[in-house]
Amino acid sequence: MNGTKIRLLILLLIFGLFCLSCGRGGAGAGKDQHTVTIAGSTSVMPFTEKLAEYFMLENPDYIVEVQGGGSTAGVQACMNYTVDIGMSSRHLKDNEKALTDVTICNDGIAIVVNPGNPLDTLTIEQIRGIFNGRIKNWKDLGWIDREIDAVSREEGSGTRGSFEDLIMNKLEIDDGIMVQDSNGSVKEVIATDPYAIGYISLGLLDGRVKGLAVNGVSPTMENIKSGDYEIVRPFLYLTNGEPDECARTFIDFVLSMEGQTILQKEGLIDIL
Amino acid sequence: MAFNKEKFIKYILTVFALSSLFFLFLIFAFILIEGLPLFLKVGFKNIIFGFKWAPTKGSFGIFPMIVSSFLVTFGALIVGGPLGLSCAVYLAEYSGKRMKMLLKPALELLAGIPSVVYGFLGVIYIVPLVRNYLGGSGFSLISTSVILGVMILPTIISISFDAIMSVPRTYREGSLAMGATKWQTIYKVVIPSARSGIMAGFILGMGRAIGETMAVIMIAGNALKIPTSLLDPLRTLTGNIALELAYATGDHRLGLFSTGVVLLVIIMALNYIANFGIKKKRLK
Amino acid sequence: MDVKIRLENLKASYNEQEVLKGITIDVYKNMITGFMGPSGSGKSTIISILNRMMEFEDGIRIEGKILFDGFDLTKTISSVELRKRVGTVFAVPIPLPRSIYENIAYGPRLNRINDREKLDQIVINSLKNAFLWDEVKDRLNTSALKLSGGQQQRLCLARTLALHPEIILLDEPCSGLDPISTAKIEDALSELKKDYTIILVSNNTKQIARISDYSAFFYMGELIEYGNTEDLFTNPRIKKTDDYISGKFG
Amino acid sequence: MRIKPGITDKMARIGFNSMAFFTVGILVVIISIICIKGVSHVNLEFIFTSPEDMGRHGGIFPSIMGTVLLALLSIVFATPLGLGTAIFLTEYTKESTFTKIIRFGVESLAGIPSIIYGLFGFIFFVIKLGMGWSLLSGVLTMTIMILPTIIRTSEEAIKAVPRNLRIVSYSLGATRWETVTKIVLTAATPGILTGIMLSVGRVVGETAAVIFTMGSSLRLPTSLMDSGRTMAVHFYILAREGISMEKAYATALILVLSITIINILAYYIMNKVVSKYS
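Chains as they are written, first to last, in this note's numbering: chain A, 1 to 272; chain B, 1001 to 1284; chain C, 2001 to 2250; chain D, 3001 to 3278.
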């Protein structure tokens, strides 16, 4: 009696597995579903997820799968065809130029502190000093006598890459600086630690952290569009050669008025 | 026919049994295949004793992380060791049967709580506490040690408990008969006889602490320098892998696998020392 | 009288220590043959050689011939097949942790008998033959572990009978039982010998004297004396046997 | 001045008592924090709807399903392998160098930390075998990770089955395999179930090894090649990225609740076994 029950269970499980593994292939063949896989920069990922949500609402026969991995991984995945579209939050390096890139929008990098921090502006020189480890105390910047808890991103991150290019000017980020592995986690640290400073994608700026003016220019959309705020990097979609039909449809959607409006609402700088 | 069937079954089961070995081999092989070339390319010394980790610029030193890993591990032992041992003593010597029935599953539950939950609670409660009362950012050696100390409690308790329980009743009776108090008996007779088992528990606890990842990257701050005070942030070997693996390509990824090789070697060494302790105890 | 089992110069050693030193004996069909002797005499070893349970022991070595109905089955029949023809009842009753019914059906089910009616018939007959039917007929589906020791042992006997073996080996089956249970088993055995060849190993010389047709006395791995039970008990040819059955040692 | 032994004895008793209750206190505090902060955000809608806006709104249904699928499939793969190994070690061989080597392998697997499993799964299943971040990569990695637990608990359970039962079975003409399936496994089932339960608990709580093999796609996986997210991973991302603390606590509550239930179930089954044989 027990034996048959167990056998039945196993049979059911195998059957379920079978269904599961065929599920997509079978359904896809019948209903003509298209899948677009996208991977890469974790900075671009949340916005792409948002775009994908809207896109799939309008195009129910499409499935857009979005993964993180980081800019460099996005480039790699794109090069060996594991994904249809790669995402990058930095310019392509010389050895990556074989890929086709589309700028879907621009993103400012905001230097952020806790809302409780009275400072409103820093010079590029000061920011460089903080992350280089020369300036260690808020006292030196005109605030209280308290160590600065600076937070950076990890090696390989596109945001860090852009930050190094745009701010650090070949100086190294000091080893004593804390490291978090995403915009969100940097923001979390800044939001909870009154003495912290870090840098995140402008699109993620909200009431929980305060964006500092750099050299007196605030990180606002107008200032970026006018070119006054200079810490800006592009968000790129990468394809290996010409994108295929499905990928094309999605990229077109992103570049369309609708897609750009979505991005703009998220705090990014549209390219219209 | 029956004869053949039995042979067939035995053959299948042998293959199953060998699968564990096969997986172990695969894991070692792939971690080594990915991790060793960099050792040869950059030099063993430059990785193990290098101070600079800048994998995109060709520096792969993980010495600070090795030191940091051991620091949090010892920190965790300082927090969790005495607490765990006392719990084990309480369970084995003081608690009644019903209490034991209640406490043992509770402690197992402590082991079952996912490490991300520990990390999360650490960030929300321990980190601000340290920041406000001790200074620094709170993402620090001490916060990490406290959280890891709690996380290794179940390991230390259950293995120490087994070790204490395996001390023969006659030892205790002998000591008590000679007029020793219960505490004197525990302190002078029970704990010394259970020593190697308790040590094994501590070492396995160390293994758990050194291998812990998610909680650590959430609380440790992940700075690359060797911490110089309890309040400094630090990055462990596991943290290094988890932080950067998703992003890494080329030599950078190989560097993370080298980190994995070092971690694997340390863990294996700890496990064998611990197992040796447990086996020695059993032989006695 | 047909010879059912013939042992020829059977030797066995256990970790280099000789426990059977060349046993030669004929066991007759449809008889109860009693094996007696003090512990260490080798009688239980013979049992585990006959049912090949010694395969589960380490370091045992066997020489000599074992003939069933004149045939040496060592090479021709697998242990599993052999055990279906040679049933065993052990010293301690060991019911399987399932119902009375399923305990007895266990063997037949191994032989792919799954037909309910057939199984019912086998269970009923086996229980009746083991003199247990009347006591359990109303609770066949209760756990066998709930039976008393004596009932459990008869259950074990019934379980063996369900296989319809040719030979039944009983390894001190009454050692832990009260006199009433023992009597019931003895009654059952006396009935059963019509259809089976039975070997009864016992330390209890009185039991051997009571129910066995032939008796063998073993001592230190040797067969000291073998013969018709009446002759052996009334007129032992060897002094050692006399000493044993009169209780001077053992 | 020497303190009287009677006093130190009393102090020791009080000390050990308070240490033990402190430890239990930690557990109570952890669980109550999660319950208090999470309970107001958990409702049927939270359990049965998909997340919106990266989890800021909506529920966690896909991650619940992801967890269930990952755990279930890992068990489906690991149980035959683990149980087979345990049966081999206990029933089909005698202690020898060979079994020692296998045991060494199992012990070593048990000691490997989850991040190494993640690293291995990532390089082997995700990259080398080209499975990508997928349910399948996750399942295979988890299978290897829980294998030692299943082997060890099954072996203990099988060893606890009295030898006599096997002897009887053999004497009734059962083959080794018949004895194993009909006698040994039936008697050892509760112990084996305990091991399976503990393994499920481990998979449910695992993050590091899952995130690098199964990925973190928010969608409900519909095939083995789909990426997906378990509750633990979802919780990690919610908490770490500061997406939504309410949702994070609510997810943590469901996570901890399910692990608690699994653990209690495992403990309950195990106790039944212990009382059965002692």
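Keep in mind that the hints were calculated from the coordinates and are not lab data. Just to be clear, a hint being listed does not mean it is correct.
Example chain D residues on the side facing chain C (calculated, C-beta under 8 Å, incomplete) [as the list claims (entries may be wrong)]: (1) Ala-3012; (2) Gly-3015; (3) Ser-3171; (4) Leu-3172; (5) Thr-3189; (6) Met-3245; (7) Glu-3246; (8) Ile-3261; (9) Ile-3264.
If you're wondering where the values come from, they're calculated on a predicted model, not measured in any experiment. Ideal placement from N, C-alpha and C gives every residue a C-beta, glycine not left out.
Hint check results:
| no. | hint | result |
| --- | --- | --- |
| 1 | Ala-3012 | violated (45 Å) |
| 2 | Gly-3015 | violated (46 Å) |
| 3 | Ser-3171 | holds (4 Å) |
| 4 | Leu-3172 | holds (4 Å) |
| 5 | Thr-3189 | violated (11 Å) |
| 6 | Met-3245 | violated (52 Å) |
| 7 | Glu-3246 | violated (51 Å) |
| 8 | Ile-3261 | violated (29 Å) |
| 9 | Ile-3264 | violated (26 Å) |
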